[in-house]
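Student: Dock chain B against chain A, hints included.
Okay, here's what each chain looks like letter by letter:
2 protein chains.
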Amino acid sequence: MVSGERFLVEYLITGDEAAAYAKVQDICVEQTVEFPPELIRDTWIKEDVVGKIENFEYVSNNLFKAVISYAVETTAYELTQLLNVIYGNISLKPGILVNRLDLSLGLLSAFHGPRFGREGLRKLLQAEGRPLLFTAIKPMGLSAAELGRLAYKFACGGIDIIKDDHGLTNQPFAEFTERIKYAAAAVNKANLETGGKSIYVANITGPSDEVIERARLAKRLGAKGLMVAPALIGFDTMRLLAEDNSIALPIFSHPAFLGSFTASETNGISHYVLYGQITRLAGADATIYPNFGGRFSFSKQICESITAATAVPMGKIKPIFPSPGGGITLPLIPELLEVYGEDVIFLMGGGLVKRGPDIEDNCRYFRQLIEGSKAYSA
Amino acid sequence: MVSGERFLVEYLITGDEAAAYAKVQDICVEQTVEFPPELIRDTWIKEDVVGKIENFEYVSNNLFKAVISYAVETTAYELTQLLNVIYGNISLKPGILVNRLDLSLGLLSAFHGPRFGREGLRKLLQAEGRPLLFTAIKPMGLSAAELGRLAYKFACGGIDIIKDDHGLTNQPFAEFTERIKYAAAAVNKANLETGGKSIYVANITGPSDEVIERARLAKRLGAKGLMVAPALIGFDTMRLLAEDNSIALPIFSHPAFLGSFTASETNGISHYVLYGQITRLAGADATIYPNFGGRFSFSKQICESITAATAVPMGKIKPIFPSPGGGITLPLIPELLEVYGEDVIFLMGGGLVKRGPDIEDNCRYFRQLIEGSKAYSA
Numbered sequence: 001m002v003s004g005e006r007f008l009v010e011y012l013i014t015g016d017e018a019a020a021y022a023k024v025q026d027i028c029v030e031q032t033v034e035f036p037p038e039l040i041r042d043t044w045i046k047e048d049v050v051g052k053i054e055n056f057e058y059v060s061n062n063l064f065k066a067v068i069s070y071a072v073e074t075t076a077y078e079l080t081q082l083l084n085v086i087y088g089n090i091s092l093k094p095g096i097l098v099n100r101l102d103l104s105l106g107l108l109s110a111f112h113g114p115r116f117g118r119e120g121l122r123k124l125l126q127a128e129g130r131p132l133l134f135t136a137i138k139p140m141g142l143s144a145a146e147l148g149r150l151a152y153k154f155a156c157g158g159i160d161i162i163k164d165d166h167g168l169t170n171q172p173f174a175e176f177t178e179r180i181k182y183a184a185a186a187v188n189k190a191n192l193e194t195g196g197k198s199i200y201v202a203n204i205t206g207p208s209d210e211v212i213e214r215a216r217l218a219k220r221l222g223a224k225g226l227m228v229a230p231a232l233i234g235f236d237t238m239r240l241l242a243e244d245n246s247i248a249l250p251i252f253s254h255p256a257f258l259g260s261f262t263a264s265e266t267n268g269i270s271h272y273v274l275y276g277q278i279t280r281l282a283g284a285d286a287t288i289y290p291n292f293g294g295r296f297s298f299s300k301q302i303c304e305s306i307t308a309a310t311a312v313p314m315g316k317i318k319p320i321f322p323s324p325g326g327g328i329t330l331p332l333i334p335e336l337l338e339v340y341g342e343d344v345i346f347l348m349g350g351g352l353v354k355r356g357p358d359i360e361d362n363c364r365y366f367r368q369l370i371e372g373s374k375a376y377s378a
Numbered sequence: 001m002v003s004g005e006r007f008l009v010e011y012l013i014t015g016d017e018a019a020a021y022a023k024v025q026d027i028c029v030e031q032t033v034e035f036p037p038e039l040i041r042d043t044w045i046k047e048d049v050v051g052k053i054e055n056f057e058y059v060s061n062n063l064f065k066a067v068i069s070y071a072v073e074t075t076a077y078e079l080t081q082l083l084n085v086i087y088g089n090i091s092l093k094p095g096i097l098v099n100r101l102d103l104s105l106g107l108l109s110a111f112h113g114p115r116f117g118r119e120g121l122r123k124l125l126q127a128e129g130r131p132l133l134f135t136a137i138k139p140m141g142l143s144a145a146e147l148g149r150l151a152y153k154f155a156c157g158g159i160d161i162i163k164d165d166h167g168l169t170n171q172p173f174a175e176f177t178e179r180i181k182y183a184a185a186a187v188n189k190a191n192l193e194t195g196g197k198s199i200y201v202a203n204i205t206g207p208s209d210e211v212i213e214r215a216r217l218a219k220r221l222g223a224k225g226l227m228v229a230p231a232l233i234g235f236d237t238m239r240l241l242a243e244d245n246s247i248a249l250p251i252f253s254h255p256a257f258l259g260s261f262t263a264s265e266t267n268g269i270s271h272y273v274l275y276g277q278i279t280r281l282a283g284a285d286a287t288i289y290p291n292f293g294g295r296f297s298f299s300k301q302i303c304e305s306i307t308a309a310t311a312v313p314m315g316k317i318k319p320i321f322p323s324p325g326g327g328i329t330l331p332l333i334p335e336l337l338e339v340y341g342e343d344v345i346f347l348m349g350g351g352l353v354k355r356g357p358d359i360e361d362n363c364r365y366f367r368q369l370i371e372g373s374k375a376y377s378a
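Keeping their order, the protein sequence lines are chains A and B.
Each residue of the first sequence is one higher than the one before, starting from 1 at the first, in my numbering.
Each residue of the second sequence is one higher than the one before, starting from 1 at the first, in my numbering.
FYI, nobody ran anything at the bench for these hints, they're computed from the structure.
Since no wrong hints were added, every one of them can be taken at face value.
Where chains are identical, the list cannot tell them apart; a pair therefore holds if satisfied intra-copy or between any two copies.
Straight-line alpha carbon distances no greater than 30 Å define the calculated BS3-like cross-link-like pairs of lysine-lysine that follow: (1) K181 to K46; (2) K354 to K46; (3) K93 to K300; (4) K354 to K52; (5) K354 to K300; (6) K123 to K219; (7) K354 to K93; (8) K93 to K65; (9) K219 to K197; (10) K197 to K316.
This is chain A alone, in the form it adopts within the complex (with noise of 0.2 Å):
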């Protein structure tokens, strides 16, 4: 009835050692068959449907480490079922968070995760060896117009991918065909004019039956990436977006909306499955989340679970960029070269705008830092 193939899910419990066991038990039914267990009948479901405690172990005072591993075919190999089977019903009860994922090959083969990772990435920009830079156009509120001569200056400037603020959607200020129109055509001009590489990345967050149309659009338009946030849309249409042959752009996965999952110590989803191994299984060549540091409140070693989980082994699914942003100004580089060394994509906004008004030379500056650096490869 089961291939007897399961997967494994590291869940930290707050409890007492009994209140925590009693709950690790309960997670195994209630992530499953959702259903009294003794008023099962057949027992090959009691057996492999119900989810297995395969560890449980002392942590601190109060806090538990259990691993439960799940028959594969519980997923129906859907990301949005295995998210449920993962943390569905149980992220409504207090004191279970989901730690770490460590999934099956024949579970992973369901999945081609992202298009491009790393390498595809750095060889689309042709940037090897270096971080990789990252601005946004806005303020809302510019005409498309505007937000193209920014957009201009910034690739002028040196920087490789030039992506719309995550709020410019399709607002009357600048429509969304206009902006892509004028965003992309500019960013081709600029890198005609020095032989850059920079690539204009459109944000198509936006409804649900609009989004694949978006995407299309946008890659007619000259977009040579795209921007969504997947806890508006859906981590599986960034899947879907991904898996498009049609479209087979670059990815970048945004945080908007996705805040309160790690805002509890005992609720929630871990930064590493959340940042790293979900958005990397849901096929983003890139993961977005705000930096330490700045004015979010990720800590430096958050920072660098996410990163080490953008390319810890998962099957075929390929390494991706952590892209950590907001807050990140100038003076701040040398420390982060040291802490995220040559593999990220440093995304800085308003941080380009406050050095002085001259933008270009902002961003040239912001290149040197870069290049001029081996801080990253020591």
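Tutor: Chain B alone, transformed into the frame defined by chain A:
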């Protein structure tokens, strides 16, 4: 450049007065222009696109309430971008909770909301003046034929709405098409025999590129309603399902994977907004959530706040049914009738099996408890 129409979001902010006020000022910027305001040259962007603080007041020690207004144009009249303006980036910052929405009529008119609502669903079920009865076929592992036999018993026993367990998608044990065929036929057969009006609700939560297809297939095969988990497929896909005239079935919203938004007292989205206002705006006809006193963590007060939100005036958006579930058992019904009144859908799963081996008889007893009592009409 903007119409002047603005909508309001009430946030609860944790911190001392100065820190809380600074946080509110930051929200105005972060959720709109995401750009240093002092560097914005266009006055109208600074004045109209940036959020405005409409109110700021002390609630209790280290807790403040703030109302921010946003220009409706910032949302592009898209549900995804509306959620992004309300809580996109700031979900990543500590100490901010979305407490209430007050959406303007122009913005509300961009959304259809539920197709049926309370009134439409009652008409469909021909069930007036009493709570509705709701159950699920399970456990995962049963064959389509076995699930069908269960559905038949529930319908014969007088359960109004019989749904798939939320973990049943397209597992090999009972593939989607087979399951829908058996369950829909079983409920139909029972109706013909008893004169009942029970409906079968298919769980169509699944891959992004299959959800609409599954909805249409389920309808063709005889399902009379659909269930989705918006946290897994995206709230906007639920909206799309509700608006699609070729589908035109009532939508039941399931809370799987949604728990982290309400897990913290200082971060997230209130139950009122999440299970009430947003779920309703996104087109659900009933909002399923964990009942108090069951195996989940919602309090009675929280459940009452969700119920209030299902019927609070929202322009032309219809009132919907609160549908408490999760650990509801027959002995609890008298108390629940007093709390919820008649406008409620009681979702009972395991509770219907625990009373004794004759499921049909258990259902009839449930129905009698509901019809016999006048507690709710008091």
